[in-house]
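Undergrad: Residue-level listing of the chains:
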Amino acid sequence: MSPGSRQVWNEPVTTQKYRTLPPSRPVTAHPQQGPSSRIAGHGRAYRERTDTEEDAALVDTLDLARWQFAIVTVYHFIFVPLTIGLAPLVAIMQTVWVRTGSERWLKLTKFFGKLLLINLALGVVTGIVQEFQFGMNWSEYSRFVGDVFGAPLAIEGLAAFFLESTFIGLWIFGWDRLPKKVHLACIWIVAAGSNASAFFILAANSWMQHPVGAIYNDVTGRAEMTDFGAVLTNNTLLAAYAHTIATSFLVAGTFVAGVAGWWIVKSVRGGDHQSAREIYRPAAILGMVTILLSGVGVAASGDWQAKLMYEQQPMKMSAAEALCEGESGAAFSILTIGDLSNSCEGVHHVLTVPGLTSFLGTGDFDGYLPGVQDLQTEYEEAYGEGVDYQPNLALTYWSFRFMIGFAAFSAALALAGLWLLRKGRVTENPWFARLCLLALPMPFVAASFGWIFTETGRQPWVVVPNPDPNGVDAIRLLTADGVSESVVAGEVIASMAAFTAIYGVLAVVWFRLMRRYAAAGVAATSPPTAADADGPDDSGGSGDADDTGSTNTPLSFAY
Amino acid sequence: MDLPQLWFLLIAVLWLGYLVLEGFDFGVGMLMRPLSRNDTDRRLVINTIGPVWDGNEVWVLVAGGAMFAAFPEWYATMFSGFYLPLLLILIALIVRGVAFEFRGKIDDPVWRARWDWAITLGSWIPAVGWGLALANLVRGVELTPDHQMTSSVLDLLSPYALLGAATTATLFATHGAIFLALKTAGPMRERAGRAAAVLAVPTTLVAGTFAVWTQLSHSAHTWTWAAVGLAAAGLVAVIVTTRARREGWAFGASVLVIAAAVALLFGSLFPNVMPAINDPANSLTIANASSTSYTLTIMTWVAAFLTPLVIGYQAWTYWVFRKRLTAEVIPPHTGLPARADDASRR
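Quick note, the sequences are listed as chains A and B, same order.
The opening residue of the first sequence carries number 1 in my numbering; numbering runs sequentially from there.
The opening residue of the second sequence carries number 1 in my numbering; numbering runs sequentially from there.
To be clear about the criterion: a stretch of chain B counts as covered by chain A if any three or more of its residues have a C-beta under 8 Å from a C-beta of chain A, and this derived list gives those stretches: (1) 34 to 47; (2) 53 to 63; (3) 78 to 86; (4) 288 to 296; (5) 328 to 337.
Since the hints were derived computationally from the structure, they do not count as laboratory data.
By construction, the Cβ of each residue, glycine as well, lies at the ideal position given by its N, Cα and C atoms.
In isolation and in its complexed conformation, chain B is listed as follows (with noise of 0.2 Å):
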């Protein structure tokens, strides 16, 4: 394995990461409203991944920083040509990231209420939108030779890519139910369980037709069968294990099924980056699209490094918040009132 070949792979890894980690987030956000009956519930639902949602998106931007640095022609060509689908999850991300943060600070529900819906509309678009533009990854797009992306918004709404989408925001959805379900105790618990449960099937179903779909239609390899394979076998795992309430498992299968999609997606994009569709001559290939290996060589050294104290610390952190959470836990409201004229009350 060469340099950039290596590359590919950590990038893959940090898609990865990213994946496992805020899909939970986005499949939590996803569910928060109908999972909840009262504002507490709300809460309870938030704090599950209140300590860690922060850190988990930062695997998308050091998965972003690490294709402009090894590969700066895919991530130029990408993150230019995908730009209207880019563009809503920045936005998305942004306002969900604020309503963490902002929601419990005035103790108001009109306020709570518009928070919620950031949180909500800011956890699906990502969900769907990151399907979307992996799935037209793998499928690829119109390109020059100079590596112009060409294919117009609607050319990236193909039904392989709307199924892509579908794919995403069903396991995260499903992803999420199961977190929720090992994360809480009581009452939020049995819901949860019961909506993973639920979820688990129609995510079988389309996440299944995608991956044969990818593999039939995008892949030049044989071994990435085996990723199906692996997919299918989670997917299954997930419906037995989330009908059993066996929460612990059924979190391993579906990050099993994340873990599976990615190397599918990644496996059949090899040896290309971002294949072209008109003309294979125009692909972005990890030859062409790459750094120097003198670039390459920094960065391995400094991922050796960090990247296992990044994974160490991390895991601490989940250690740290490990307990499961009730609606008994959550503290009454300490946000300042709605009106400011009530701000010296104390």
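Pulled out of the complex, with its shape left as it was, chain A reads as follows (with noise of 0.2 Å):
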């Protein structure tokens, strides 16, 4: 978008460039629910439904299926960075091994893909949940963005997730069956396809954050793709996608500096010089650095997000602020009291920063923000009263702050670390062990909470209007004209049920094991026997290998 185009939110919004909309439908049949509260957005038939009885259980069914979105989606992004991040990390250890023969960094490459693929296993499955939950839970949404939507999902699949599971089977069986560099290859091609797939997840997720590319088809009732490549050169896209992967190198990082400087000073302590220094050394600071590097990744991509957002969608940016009314200048709170919940009463704003907000949102320390008040009544003009057009304050508010806090644990991780470890020292000091347990689990929780930011922010939205005047007119749904019509509250309640007592229990599976392989170190997936690890070289593999016949030499790795 050219800085020209940009919306100045003191001015009043035109409202011609909105279709007329079909009156808003009395929201009688049960209190008024901020983002629950069900109005008809774009009239289909088969959405006017009168009957209170069905209305209220809508209600219920819609509430549900959010939070079983909230539960399996945040679930499903705690694997998914660590996998994104991690696989290119671990493709680094073992191309620097293949490269030097340094026997450390086949080592490392073991323990640390050892932890990869018990995170991997979990983000996989619970991957299918995503795809289709759209479908069982939020029918009505598929049906409205099916042409656009389903493409980017489906590509994701056939370009991305098919490299990233066939390969990584091969990375996994294949080490003395594949060629030394072909070998290395895999985890290369494990680490695109990760880092692909979260392209296109992201070009799906943007597209309802800023519709680009479609039109909304009065006769279908739909959204319709008429150019593919602005829905993936959306710029929404382009920043959330540099926001999200430097995050994933960020909670990867974190990972392995964490997990590294652990064991440099239980090493240490332990009397073992040689491995802290020649094993967990060089991987922490290699966690360390890409901690620092995708830093300031995060820091950049996620201001050029907040510039966007104030752009594409101001009243995420003002509830982000909790800003009632809108000003000149307007500052960043750290600390704010008050009832935050669904009103602007009573809110007070302490221990703030002049002029930071208004800073983030447009560049221009006295910039004008609007706020959420301001924001409401243009919307009832654009897009119809009856509707509580702003977020829940408190949870945007503060998942916004939580963001942003918890990363700058693995900050301080990194930056105490580089100190530590200065010029070929390692450390015993055991607040470093601490600090290390400590900032581990950090930056998953701050992605967590960005994408609750995110999700939450654009609410009641599902797709958001979007405010360019020359940008997609009239392709907007609400969160509450999304959900199933046919699915019934009971039907969610067991999926619901399902999917939380399996994950929990998964959750504790997984973390458990990532505890004890992480506490084990490098000698538990480094057995002695590893004086076979050179492979096979360039011999081809097993090309020589009688294709019905079976030899007796053990695989050097079964399930």
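Using the hints, put the two standalone chains together into the complex.
TA: Printed below as a string of structure tokens:
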């Protein structure tokens, strides 16, 4: 978007470009519930139900479906960033081993590779739910967006997930079956696949945040794609992709630095200076440098996103600051007291940094930011009355701060670590070991809050209207209109209970396995029989093996 | 053939790929316990699909994604309508996938026994569930004029649909036994070969009945008799080849049966994608469920470039791991001990 087209918010928004909407349905069947309030957006015939009982049931289904989406999506995204970031780091470790022949990098490859696989397994299986649940719980959403939204999802499977899933099998089982360099290529392909996967998924998500390259078709009552190139070059997508990938490297860098840093202290205190110096220190440095580089990327891309958000989703930006009334030179508050939950009454900002919020949104410390109340008025004019267009203020406000705050631990780990490990040093400082353990989960938490912020901050919309005067017109959908109509509350309860129970058990198992393997160190994943680790060099793998016969050489790896 | 029809065909091909590939994965998982005498046997069974099951499973994601992209109405109606069966399948696929990866991570019989149950149930449930879903798709469901499915869960358990479930379950078990016999040597090959021969007869009865029932009750086309004929020929070939222990031929025959079944099911659907039994006017059809030709054109180009590539590297994977496995080549457990205190044993 050119700077010239930037929306200026102290000018009234013209409403002429919006379609005339059917009158909003009264919401008398249930109390006004903020984001849950159900009104007709685009009036497709079958959405028009008047039966009060049915309507009340739908509200239940809606809230349940939203909770379920939140649970399974936040859960899925615990594993995803670690996979996206760690796969390339393991690929780097293996590359160093292949190029230098240095045994320690092989040990590190196997050690972090094992942790990667434990994590990847959960990321893969929970990803299936992600794709199916749009149809299951959000079928009206799927009908509305499928022509645009389905394509990146399908392409993700075809272009990225196939690569990741096929080549991870080759990597796990191929240590002695493939030439060294081909085997190395496999982990790089896995890394490329998981990073490409993120691009297509974010293409779909960014289109919900800021629809482009599509039109609203009156006859079919749905969004229809007109320019796939625009969908793939959506600036919302480019910023979100940069932010997500940088975050993933921050997560993985923190993971590698935290585990290796903890092991440095443990090794030194156990008298094993050699392991600390030769194996864990290089890994810790790799992780810490990754933190610093990705940290810069996270901040820069986050700033880019904030500025886009100011143009594209001003309500989210203002809600993030709990800015009730518009002001110039808006401050950034670190703490706010008062009941934010659904009203602007009694909000008190304390501990503020003057002008920072304006700067984040506009690049100018004196820039004007609209308040949520101003925006509510504008949205009512544009999209109809009877809807609370404000997201949950408390959730949006705090998740934004938690996202930033929790990520700071990684920076602390990197700075402390690089100082303590400078010029070939190792450390036995117990506080550093504690910092390693403390920092480990923090970027995961920060990433989760980032998603909670961006997904709840766009409520009550599931497809946010594009405010750009040159942009897509009339494509928008309220979350309430996206939920499945043929699904009853009992079914959602059943599935939510089932997923929550299974996910809960698997989370415990995942955490224990990760902890056990991390605490076991490189020794557990590099058995002494590593003499054959050189593999069948470049002899062409098993090309000379008998097709139908079997040999008695044990497999290098088996489940 | 117009673009929506092409995509109907492509989605049938994606389901075919999925059912052939994960079909034997399911069969292998279903038979893991009965065909194994000890833990090494179980590991042997699991490792025949170890390097490939994950890639095989992606076919269903792509099939689902393609339905979403090419036929949003179909995807929306079917996935919200078949809610509980799909939920069970999803849960099964989750625990099964994790089980393969986690089973060997802790060296403990209790730990392994739990994951073995996850593999067993996680293989049986989808093997039954996909048959149930596909049979109901062909049989038709109650649809409102705006394509909301109103059939209840009990409606999905008609005799025809249950026979469909039994068909996929027996077919995948046989397919898996044949695959196991093809991928192993020694006693496991012998046992799997015998199991395939034993399973072939009931599979033929169940699948044959289902095929004829499908043709008589749910197909409007004469040409789908060809698919019935192919399925029958394939089933007979499975019986003959499994008795003769010609594993390669038997595998080809069971692939033929699955291909014929997919042709029969999708052929019977055509030109509907989800017929309405209450009122044919409410049916979802290829024409009224599809995306725009712009979207389908993009998708066609993407699929035309990527699908051959995917088939190519997946085929290469099978080539890399083509050696038969025996119990002797299964290495000792490398998992950590059950108790955390022993973690620093080395």
